[in-house]
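Here is what each chain is made of, one letter per residue.
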Amino acid sequence: MSGPEPTPGVPKWVYIVAMPVVNLAAAFLVSGLVVLLVGEDPLEVVKILLWGAFGFQEAIGYTLYYTTNFIFTGLAVAVAFHCGLFNIGGEGQAYIGGLGVGLACLYLDFLPFPLLLLSVIAAAALFGGAWAFIPAYLQAKRGSHIVITTIMFNFLAATLMVYLMVNVLIEPGQMSPETREFDAAAWLPFAHEALAWIGIGFARSPLNLSFLWALICCVLMWGFIWHTRWGYAVRAVGGNEAAAVYGGISPARTIILAMCISGALAGFLGVNEIMGVQHRLLLDFTAGYGFVGIAVALMGRNHPVGICLAALLFGALYQGGAELAFEVPKMTRDMVVVIQGLVILFSGALEFMFKPYLEAPFLRRRQVGAA
Amino acid sequence: MEAFGLFILILDATLRVSTPLMLAALAGLFSERSGIVDIGLEGKMLGAAFAAAAAAYVTGSPIVGLAAGVAASMLLALLHGFACITHNGNQVVSGVAVNILAAGLSVILGIAWFAQGGQTPQLPEAARFTPLVWPGADLVAGVPLLGPIYSELISGHNLIVYLAVLAVPATWWVLYRTRFGLRLRAVGESPEAVDTAGISVTWLRYRAVLCCGFLCGLAGTYLSVAHNAAFIKDMSAGKGFIALAALIFGKWRPVPVMGACLLFGFLDAVAVRLQGVELPGIGQIPVQFIQALPYLLTVILLAGFIGKAVAPRAIGVPYLKEH
Amino acid sequence: MGPEGGAPPAIELTGISKRFGAVQANRDISLTVAKGTIHGIVGENGAGKSTLMSILYGFYRADSGEIRIDGEPCRIHAPRDAIAAGIGMVHQHFMLVDTFTVLENVVLGAEGGALLAAGVAKARAELQRLERDYALEVDIDAVTGTLPVGLQQRVEILKALYRGARILILDEPTGVLTPQEADHLFRILDGLRKQGVTVILITHKLREIMAITDTVSVMRRGEMVAHLTTSETTKEQLAESMVGRKVLLQVDKKPAQPDEPALAVEHLTVADDAGIERVRDIGFSVRAGEIVGIAGVAGNGQSELLEALAGIRPVRQGCVRLSGAEITAEQRRDPKEMRRLRLAHVPEDRQRMGLLTQFEANESAILGYHDDPAYNGPVLMNRGTVVKDCEGKMGLYDVRPDDPLLKTGGFSGGNQQKIVLAREIERDPDVLLVGQPTRGVDIGAIEFIHRRLVALRDAGKAILVVSVELDEIMSLADRILVMFDGRIVGEVAAAEATETMLGLMMAGIDPSETQEATP
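From first to last, the protein sequence lines stand for chains D, Z and A. Residue 596 is where the first sequence starts when you use the working numbering, and the numbers rise one by one after that. Residue 106 is where the second sequence starts when you use the working numbering, and the numbers rise one by one after that. Residue 857 is where the third sequence starts when you use the working numbering, and the numbers rise one by one after that.
Isolated chain D, as found in the complex (with noise of 0.2 Å):
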């Protein structure tokens, strides 16, 4: 029978290494065949979007950038797998950190920069997790679906923000509802301007300071999930709710506290967009990195080095894709998008399809064994 347990006698790398590889080789292989389909070379692709991706200074400020937003969605995505929950709502939670995030760098701009950094932070976690805390407490209070309200908390985000940048936060004589760019003071530095502090030369690109907050995020995450006693409550129930209220643990606490972390993960992509990149609260900066969590979380099976490589290999899609787009013009963003599809389908859906033929070799040859 296929799922998530190992069966005994094979080796623990054939379900750390082997399946996800197996998984992500199945995705690609099948997004090969979509570029063949539309009459493209997928080998030339590859190398267009290798390229696009890393292959000048720029570029690969650009694939950090996208990465850096992607760590946190998929860090997101995953503190509420480990209490075993599944959080869509990344996206609602990440546009409503973006507004805490804006209006902070509105209104606290007259604090000195590291305090002003803090409290954007503090701002982006708070509204996030507080965008998060709504549907967890009706999960753990009331029992209504996570998956369900987390998605229509998606869409609330979405009508909050219109009819908050359309009525109330509207820069006056402007017709396009964004805010009034931030002062200058209140700008998170650029990779390029931070590397020219200590006189390294780096090509322009969105790449900021918030990259580092994303790598320490993976660190605490790790250290949170696995080395503290409130992780373990996390982990306890999302693995077993009836051996964890028997410790001691109060489902509801910790499924709010996870929720809330989740949110608060998400709301760290404003961080990147709006305090790092676009200096203005706008609408639509989410730009469906909240449902990219999804997949990077899955293929990096919820573990913070996973995370990163697939938030990279995300990265990589979505900035090589985008040169992509100039190269081959039948090859837009909608091709990345395709291959997170299909992302989701094989690492996530499809997980152990492929587990039967990855473990029969070490099950008959030990059956061969005892014979």
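Do not take every clue at face value.
As the list claims (entries may be wrong) - Here are the simulated DSBU-like cross-link-like pairs (lysine-lysine), alpha carbons at most 30 Å apart as the crow flies:
no., chain 1, residue 1, chain 2, residue 2
1, Z, K426, Z, K356
2, A, K1061, A, K891
3, A, K1050, A, K1109
4, A, K1091, Z, K426
5, A, K1109, A, K1061
6, A, K1061, A, K1050
7, A, K1050, A, K891
8, A, K1192, A, K1244
9, Z, K338, D, K925
10, A, K1061, A, K1091
11, Z, K338, Z, K426
12, D, K607, A, K1244
13, Z, K426, A, K1050
14, D, K642, Z, K338
15, A, K1091, A, K1109
16, D, K642, D, K925
17, A, K891, A, K1091
18, Z, K426, D, K607
19, A, K1263, A, K1244
20, A, K978, A, K891
21, A, K1091, D, K736
22, D, K736, Z, K356
23, A, K1192, A, K1263
24, Z, K413, D, K736
25, A, K978, A, K1050
26, D, K607, A, K1263
As the list claims (entries may be wrong) - Facing chain Z, from chain D, some residues (calculated, C-beta under 7 Å):
no., residue
27, L751
28, D929
29, L940
Don't read these hints as lab results, they were simulated from the structure. Quick caveat, the model's predicted, so the values are computed rather than measured. Yeah, the Cβ is synthetic: ideal placement off N, Cα and C, and Gly gets one too.
Given the coordinates of chain D, work out where chains Z and A should sit on it, guided by the hints.
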């Protein structure tokens, strides 16, 4: 009289907006009553919309378009079934994959085939489902009250609108009056009871997701070949999720689901009308607030503040024989 | 026992084997059941009875072996084939759709056409006949989920009969029934036998075998070890072949030296998740230095009692006293606080509750104590200490393999139970609750676990043991309470207890009354 005219117009718009919602929500009903969560209604609609518009454009026939739309949607439904039924995959994850895959593929294929930035070319009238005018509609239009109701509200819709309205009693009848319906309701509550009664859970659930694909195909075709005259990138625009909300709001029962779809469609129609209108005593209602109501109402329902939405017991759980 | 009067046997199994992964659930099993008889299959939990019947019903496919029905070789690959062969099965967990009416449940799978109307009308008439013929009264328009379990079971029997079953398999049918309901069931089975239906009754209750069956087979560890005629055998003989040993290991223990009560329960009432009262107004105490055993048929409120005492389930009425603290409906205490009051709890089901099977063993070994300062710094958990701590416990309790980094689910049942016991006992609690101390545990580990519990008692701790294994209770406890239908119906000193006396009390009968009634 003017108010009455406006009312008829809003109801007419409600019906137009509700049509894809009803079809998609009933589609979801088949899937979810069988125990398979379907958050991929959106993707199936989108895939169907693209396939229908493409086929209708190439052949010039709306019927061929409809067939292509239904086929595309059913293929995506089979993919969902393959992941969830055959491989016991996570149903939510699979639904997300279907949504994203359909969003990407529809545009990539559209660009490859039509080179119009992901849209299909504008469909000529002959390639679309056009309004069907009922006998005597023009004649009675002038009759007070009943005239406009007949000529505006009942007559003058396209085929798929009527199909959607018929789909509600049809679904009810299938669900409560046929062997398939009995088994479908059973398998969503207790697949082990179905299995021990000598019925294949797998085949039953596959048939359920195929029904779901069929109805989603109608919904998607409506978007691109009946309501509009081309496929446009992301044209389902969250309707699949509103349909999902309506399915929950209607507590997985055909007639209340229809009611929820009409309510949500009505809110949408009213929102368009109320844009920028000062209401006496209330002032201007932000249109976003009305747009948010379906989601808000669903959350409130799920929270158990207005009734309780009890899902089929076995929903979302793959059927495994344990030992 | 061969075919009588030339008629072929209703069921003939030869050489049936079935393996699940590493477990050989059935090994080369043969079985013959004559038509129109009631055949019992007995065996301990996990002996392979249910697997064998699931093979006969087509739920699983045997790896090898042959099935003959009425003398004809029969391929049964799915329940459909079994139903076609005239086999019906009443599962231990009912296979009913709770939201359906009885009628809908009965016609499910036997609708008699694509439309329901005709089939339902036919079923209505047919059901009335069946109800009359077999004394199976039930309201066919009632919603099944609202019926008491006894009636739900009748629906299951009706389902099988409606499909024309000539062979009826019942898997542990009385586990959920009251004695009255069980008696009624036996009358129904007797009626079926008279009508020529062949019945297979799977049970581990010897009283039922003696009461109703014509013939009986005994299973042990996946094998068939005896075929007997009921009238020619005795309970003792059956019990002996079931367990495969003459007398159960007697625990060597000195008389208890009980001290002050450490745990006191007064007028305690506890409800289950559905709000039904499972523990009703009970009172008892456990003194330091004694083991109190609670005997009873599973499902008579023992689980709810344990969970309430451990703080998992709220108290509805009454109170629990422990270490000077009180637990009442108003004064709730969660499991964490109960641990702080020096109460430890080995839950009945270690897989469901006692362990985190996907976690590493060292992590499972701190469940409930994970926020103990000993394992934690100000922020980070000290994983090194946790692992070392687990290593120590594994050595002390002879857990094999002694690798704290192994996933908990990878250990055998006995070793998992030792991990739970080590975790709870090594906290040196004042009161220890133990549910089913040796369920699914091999003999060697049973002895070890029993000795540990006695040692803890001798160290002056209060121990409450709940077990459905009567011999375990009798050998381990100093004082025995019997629970029936949520109440404590009797208390006996272990030295004076006999199996018959306890068995009567477990069935809700006061032994003294029967003695008076039968001079």
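Here is how each hint holds up against the structure:
1. Between the alpha carbons of Z/K426 and Z/K356 the distance comes to roughly 29 Å, so the proposed pair stays at or under 30 Å and holds.
2. Pair hint A/K1061 plus A/K891 holds up; C-alpha atoms about 23 Å apart against a cutoff of 30 Å.
3. With a CA separation close to 52 Å, the supplied pair A/K1050 and A/K1109 exceeds the 30 Å bound.
4. Only pairs whose Cα atoms come within 30 Å are accepted, and A/K1091 paired with Z/K426 is rejected, the gap being roughly 35 Å.
5. At roughly 29 Å between alpha-carbon atoms, A/K1109 and A/K1061 fall within 30 Å of each other, so this suggested pair holds.
6. A hinted pair counts as satisfied when its Cα atoms are at most 30 Å apart, and A/K1061 with A/K1050 qualifies at roughly 23 Å.
7. Between A/K1050 and A/K891 the alpha-carbon distance is near 11 Å, which keeps this suggested pair within the 30 Å criterion.
8. Of the pairs offered as hints, the one joining A/K1192 and A/K1244 holds, with about 23 Å between alpha carbons and a cut-off of 30 Å not exceeded.
9. For the suggested pair Z/K338 and D/K925, the alpha carbons sit about 15 Å apart, so the restraint of at most 30 Å is met.
10. Under the criterion of a C-alpha separation no larger than 30 Å, the hint pairing A/K1061 with A/K1091 is consistent with the structure, at around 10 Å.
11. As the CA atoms of Z/K338 and Z/K426 are separated by approximately 43 Å, the hinted pair breaks the 30 Å bound.
12. Distance hint between D/K607 and A/K1244 is fulfilled; the C-alpha atoms sit about 23 Å from each other, no more than 30 Å.
13. Taking the CA atoms of Z/K426 and A/K1050, the gap is near 35 Å; set against the 30 Å cutoff, the hint is violated.
14. This hinted pair checks out: D/K642 and Z/K338 have alpha carbons roughly 27 Å apart, not beyond 30 Å.
15. A hinted pair counts as satisfied when its Cα atoms are at most 30 Å apart, and A/K1091 with A/K1109 qualifies at roughly 28 Å.
16. With a CA separation close to 16 Å, the supplied pair D/K642 and D/K925 stays within the 30 Å bound.
17. The straight-line distance between the Cα atoms of A/K891 and A/K1091 is roughly 24 Å, inside the 30 Å bound, and the hint therefore holds.
18. Annotation: proposed proximity of Z/K426 to D/K607 holds, straight-line Cα distance about 26 Å (limit 30 Å).
19. A C-alpha spacing of about 16 Å is found between A/K1263 and A/K1244, which places the hinted pair at or below 30 Å, so the restraint holds.
20. Restraint check for A/K978 and A/K891: the C-alpha separation of about 28 Å stays at or below 30 Å, so the hint holds.
21. In summary, the hint linking A/K1091 to D/K736 is not supported, as the alpha carbons are separated by about 52 Å, beyond the 30 Å threshold.
22. Restraint check for D/K736 and Z/K356: the C-alpha separation of about 20 Å stays at or below 30 Å, so the hint holds.
23. In summary, the hint linking A/K1192 to A/K1263 is supported, as the alpha carbons are separated by about 25 Å, within the 30 Å threshold.
24. A hinted pair counts as satisfied when its Cα atoms are at most 30 Å apart, and Z/K413 with D/K736 qualifies at roughly 14 Å.
25. Distance check on the hinted pair: A/K978 and A/K1050 sit about 25 Å apart at the alpha-carbon level, within 30 Å; holds.
26. Between D/K607 and A/K1263 the CA atoms are separated by roughly 12 Å; this keeps the pair inside 30 Å, and the hint holds.
27. The interface hint given for D/L751 is met, as the beta carbon of that residue sits about 5 Å from the closest beta carbon of chain Z, less than 7 Å.
28. Below 7 Å, beta-carbon pairs count as interface contacts, and D/D929 has one with chain Z at about 4 Å; its hint therefore holds.
29. Look at D/L940: its Cβ gets to within about 4 Å of chain Z, closer than 7 Å, so that hint holds up.
In this structure, the earlier hints numbered 3, 4, 11, 13 and 21 are contradicted, and the remaining ones agree with it.
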